[in-house]
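Undergrad: For the protein sequence lines, the chains are A and B, in the order given.
Each step along the first sequence adds one to the number in our numbering, with nothing skipped, and position 608 is 704.
Each step along the second sequence adds one to the number in our numbering, with nothing skipped, and position 155 is 165.
Check the hints yourself; a few may be wrong.
Keeping only pairs whose Cα atoms sit at most 25 angstroms apart, straight-line, the calculated BS3-like set for lysine-lysine is [unchecked claim]: (1) 316/A to 366/A; (2) 583/A to 643/A; (3) 643/A to 581/A; (4) 268/A to 84/B; (5) 345/B to 316/A; (6) 366/A to 345/B; (7) 514/A to 593/A; (8) 32/B to 518/A; (9) 276/A to 316/A; (10) 350/B to 316/A; (11) 350/B to 276/A; (12) 345/B to 282/B; (13) 84/B to 518/A; (14) 237/B to 199/B; (15) 35/B to 366/A; (16) 357/A to 345/B; (17) 531/A to 237/B; (18) 563/A to 199/B.
Label-pair restraints from in silico Cβ distances [said to hold, decoys possible]: (19) 231/A to 319/B: 51 to 61 angstroms; (20) 662/A to 319/B: 45 to 55 angstroms; (21) 524/A to 254/B: 30 to 40 angstroms; (22) 547/A to 319/B: 41 to 51 angstroms; (23) 237/B to 434/A: 39 to 49 angstroms; (24) 671/A to 28/B: 56 to 66 angstroms; (25) 526/A to 317/B: 36 to 46 angstroms; (26) 349/B to 353/A: 13 to 23 angstroms; (27) 319/B to 524/A: 27 to 37 angstroms; (28) 354/A to 303/B: 43 to 53 angstroms; (29) 675/A to 35/B: 23 to 33 angstroms; (30) 28/B to 524/A: 40 to 50 angstroms.
Treat the hints as calculated values from the structure; they're not laboratory data.
Just so you know, even glycine gets a beta-carbon here, dropped at the ideal spot from N, CA and C.
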Amino acid sequence: MATTDLAVHDIGSGREGQRVVNDWSLQVATVNGSGSQSANTVILRTIFQMGVPVSGKNLFPSNIAGLPTWYTIRANRHGYIARKKEIDFLVAMNPETAVEDVKSLAPGSAVVYDEPLNLHTVRNDVTFYPVAFDKLVATVCPDAKLRKLVKNMIYPGVLAHLLGFDMAEMEKAIRRQFGKKQKAADLNVNAARAGYDYAVASIEKRDPFWAERMDENRDKIIIDGNAAAALGCMFAGVTVVTWYPITPSSSLVESLIDYMKKYRMGPDGKSTFAIVQAEDELAAIGMVLGAAWAGARSMTATAGPGISLMAEFTGLSYYVEVPAVIWDIQRVGPSTGLPTRTSQGDISFVAGLSHGDTRHIMLFPSKPEECFSMAGEAFDLAEQFQTPVFIMSDLDLGMNNWMADSFEYPTKPLNRGKVLSKEDLHRLGGFQRYKDVDGDGIGYRTLPGVDHPNAAWFARGSGHNEKGLYSERPDDYVNNLDRLKRKSETARSFVPKPEMVADGTSKIGVIGFGTTHWAMTESRDQLKKEYRLDVDYLRLRAFPFTKEVHEFVASHDRIYVIDQNRDGQMRDLLKLDLDPAQVTKLRSVRHYNGLPIDARSITDEIISQEGR
Amino acid sequence: MASTTTPAPRTNRLGLTVIEYKGGKTTLCAGCGHNAISERIIDAMYEMGVEPHRVAKMSGIGCSSKTPAYFMGKSHSFNSVHGRMPSVTTGAMLANRTLLALGISGDGDTASIGIGQFIHLMRRNLPMIYIIEDNGVYGLTKGQFSATADLGSVLKTGVINDLPPIDTCALAVQLGATFVGRSFSGDKKQLLAMLKAAIAHNGTVMLDIISPCVTFNDHEGSTKSYKFTKDHEEPLQEVSFVPHFEDISVDYPAGETLDVTMHDGSKLRLHKLEEDYNPTDKLQALSRLAKAHQEGEILTGVFYVNTQAPNFMDLLNMADEPLATLPESRVRPPKEVLDKCMDALR
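Build out the structure end to end from the sequences listed, making use of the hints.
TA: Structural data, given as structure tokens:
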């Protein structure tokens, strides 16, 4: 398959003699399991260390080794780090896809390829650089068994010459990549250098693309969203983590295991946490609920198929009113097909997950910084509202490397919610589990193990009265449901507020969320620059929607809601929440081909719907 | 001294009366075996002097799973979803390992919808007592066969079960539970002794308790009726129990009696009825259970006990205190740690 759509270049085709500096995308096409991931990370880090804004996106198959995989790196001096639709520079290492990869390029692009592939015969309007990788690798890697892996560290060196990467930075990136494995680091540095020396001596640069040093990345880090989430959970004081491996969420818990083992061991050498790999997602969420009922900050991480299995327990969590933090790293689903591709396809499913009347809090991180900070917010909200909280990340955010600002240490103490201690019970004499004492819909709870004769309550599903006693009375049921609704209304004022970019004059508003943010930011500039169309932009950060969302819709004539799913799921949720008079303002922009959304797709769709 | 005053009510070692261990009024059918089991649980907890606030009563869905409402009203309880009590209990114990978890399940809740969670619970040797109130039928949905129904057992409607039963005890022994036995709701003495030993154990206790369903499975042709169970019960031992806080004075002749010292120092005393049977031998347990099936016996008693195996909390190397209530200072690393993590990513 081609991972690029038909290319449309915004600078036009007359590039001869022109230098395109820090504004290009590079795609590396390799075979899964060939060690290319290290090489690609090295390129990404080299550009990062040169101070140029950069992003990397791994488009990989559901496979361990042998199937085609692509890695796209975008360097952009304006800081645009969304996926770019067009590829400017291709490294073709995979015989299986090379011809199609080359065919999908726009005229004027450049291709480095493995010489035996003979790609220069495919077309004559792109620049070709054949490199005899096998010959080069033989000179630096005497051990024939290692050559397959080391071969892929040669193209970073070739690119260093062609694109102008700083070789000192590249060597630093390689040494960092291999850590304490000195021999492996040396071998790979030599391979990159061999590629570089060869290119300097034998390749004449004929394309316009260049990297030049900038100073945009001071204090920035590179991290994937899942590792950021793991850090966030550790600093949020998580104590019980239960999970079932599933792409693209597994690396969240695996990062968490690494961090917790390092930083959450007590002075007695015992862990202040429990991480359990459950037998399935049913058990994972069941353990989360049991732990939360007993008072622990507990969480799980999963993806769509796991969410499906968690539906029943999620409903129970909503009705028993025990906290839970659930990370949904969304992917395309269900079953096989595109389990390693990104999507925002679980939005409407999760909003009302389970049977019966339910409505769940969702948070929408757009960047690693928010994966970190929203972890803490999610635990606070879950315990404050005694309800499940879903963090709706996606594969693009979770598994790809992103530039981010250093995370800020949380200053707010943990909000453990309305939990009555033994002393509280002595003072009060007793309590009613589901009574709305404070008018916010949230009752008080006690934890098992509290030594007071009136501490115990009976956790069960929907059929209970204010005292938590079994009841099938219609009035008790209605009371309970109305209180739960009140609780959800209270949540509107506590969930993260949206972020807004508006100049106050535009009649057109755009609503986006999650990873769409990066493409949307760029699209907004495209609309302004290319079409003189100003749009205001609101980035949703939570459901239920806060009052700012309603105000934003009310103050614009037309609202485009950007969804990375087929049916416009967020648009639908807004429809349900808005005043009927406002609903007709909503328009929908949808992207659902498994690839991260790009600015051009949004721009084109808005322009088309604007009738321009 | 004149004895006109009413005598002080009997209390246990905590000074609590048995009333403190009672629960709400049962809503199950009169004569249901489950009610007898609830009574024995009350007796065992009372006699062992367990603090009610330390007990977590856990259940799934079904007649059996309703019973936690009918005993120990001063203990916390979680009536969860069908077949998933094991995971909820696991979570609760991870959060607070000082709790005494008592899970009540049924044959449908365990052997059908919950078989997956049951199996994995047994593997983990989580400290808890897992009771199956086993009547071979679904009561709340009015009398369908469950997966523990015996081959050839007949429903009231005339339907004959033609699938082999799942032996939950054999499964539990094979998978890693460290205290496994079968009893009968009608055998007061044996059941009480086994429940007390269960309370004294530190690991997964799995007790399958035959508990006849008087409404749907107590007729001629049923192999889980009172009559059939009484006629076919084959006790492996006479089970008695001496708690750690009582003196052991009676000595039995060696060879006939096996004393198992439990985690808390109590003694599980097994007066052997089958001379060669050794309840610490897994293989023997499995082969004896297989033989019971072959011969149509309802074998009861303690099939397997292992007081040495590490439990799940030991394997996880968890802190001794409940994780749930660790102070913020112990669960949020200091700023220096974040700085260090950030530096590593620059």
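Undergrad: Run every hint past the structure and note whether it holds.
TA: Hint-by-hint comparison with the structure:
1. For the suggested pair residue 316/A and residue 366/A, the alpha carbons sit about 34 angstroms apart, so the restraint of at most 25 angstroms is broken.
2. For the proposed pair residue 583/A and residue 643/A, the alpha carbon gap of about 16 angstroms is at most 25 angstroms, so the pair holds.
3. At most 25 angstroms may separate the alpha-carbon atoms for a hinted pair to count; residue 643/A and residue 581/A meet this at roughly 16 angstroms.
4. Simply put, residue 268/A and residue 84/B have alpha-carbon atoms about 64 angstroms apart, too far for the 25 angstroms limit, and the pair is violated.
5. Taken as a hint, the residue 345/B and residue 316/A pair is honoured in the structure, with Cα atoms around 18 angstroms apart against an allowance of 25 angstroms.
6. This hinted pair checks out: residue 366/A and residue 345/B have alpha carbons roughly 21 angstroms apart, not beyond 25 angstroms.
7. Distance check on the hinted pair: residue 514/A and residue 593/A sit about 23 angstroms apart at the alpha-carbon level, within 25 angstroms; holds.
8. Restraint check: the Cα-Cα separation between residue 32/B and residue 518/A comes to about 22 angstroms, which is no more than 25 angstroms; the hinted pair holds.
9. For the given pair, residue 276/A sits about 23 angstroms from residue 316/A by alpha-carbon distance, which is consistent with the 25 angstroms threshold.
10. A threshold of 25 angstroms between alpha carbons decides the hint, and for residue 350/B with residue 316/A the separation of about 14 angstroms falls inside it, so the pair holds.
11. For the hint linking residue 350/B to residue 276/A, the alpha-carbon distance of about 18 angstroms falls within 25 angstroms, and the restraint holds.
12. For a cut-off of 25 angstroms, the pair hint linking residue 345/B to residue 282/B is broken: about 62 angstroms separates their Cα positions.
13. Distance hint between residue 84/B and residue 518/A is fulfilled; the C-alpha atoms sit about 14 angstroms from each other, no more than 25 angstroms.
14. Straight-line distance between C-alpha atoms of residue 237/B and residue 199/B comes to about 18 angstroms, which keeps the hinted pair within the 25 angstroms bound.
15. For the given pair, residue 35/B sits about 44 angstroms from residue 366/A by alpha-carbon distance, which is inconsistent with the 25 angstroms threshold.
16. Taking the CA atoms of residue 357/A and residue 345/B, the gap is near 17 angstroms; set against the 25 angstroms cutoff, the hint holds.
17. Our distance criterion of 25 angstroms between C-alpha atoms is broken by residue 531/A and residue 237/B, whose separation comes to about 48 angstroms.
18. Taking the CA atoms of residue 563/A and residue 199/B, the gap is near 37 angstroms; set against the 25 angstroms cutoff, the hint is violated.
19. Distance hint check: the CB atoms of residue 231/A and residue 319/B are about 60 angstroms apart, consistent with the given range 51 to 61 angstroms.
20. Checked against the hint of 45 to 55 angstroms, the pair residue 662/A and residue 319/B passes, with Cβ atoms roughly 52 angstroms apart.
21. In this structure, residue 524/A and residue 254/B meet the distance hint of 30 to 40 angstroms, their C-beta atoms being roughly 37 angstroms apart.
22. Taken as a hint, the range 41 to 51 angstroms is violated for the pair residue 547/A and residue 319/B, whose Cβ atoms sit roughly 30 angstroms apart.
23. At roughly 60 angstroms, the beta carbons of residue 237/B and residue 434/A sit outside the given window of 39 to 49 angstroms.
24. At about 59 angstroms, the CB distance of residue 671/A to residue 28/B agrees with the hint of 56 to 66 angstroms.
25. Separated by about 40 angstroms at the C-beta atoms, residue 526/A and residue 317/B satisfy the suggested range of 36 to 46 angstroms.
26. Under the hint 13 to 23 angstroms, the C-beta atoms of residue 349/B and residue 353/A, about 21 angstroms apart, fit the expected range.
27. For residue 319/B paired with residue 524/A, a C-beta distance near 43 angstroms fails the hint of 27 to 37 angstroms.
28. At roughly 48 angstroms, the beta carbons of residue 354/A and residue 303/B sit within the given window of 43 to 53 angstroms.
29. About 50 angstroms separates the C-beta atoms of residue 675/A and residue 35/B, a value inconsistent with the hinted range of 23 to 33 angstroms.
30. In this structure the supplied range 40 to 50 angstroms is violated for residue 28/B paired with residue 524/A, their Cβ-Cβ distance being about 28 angstroms.
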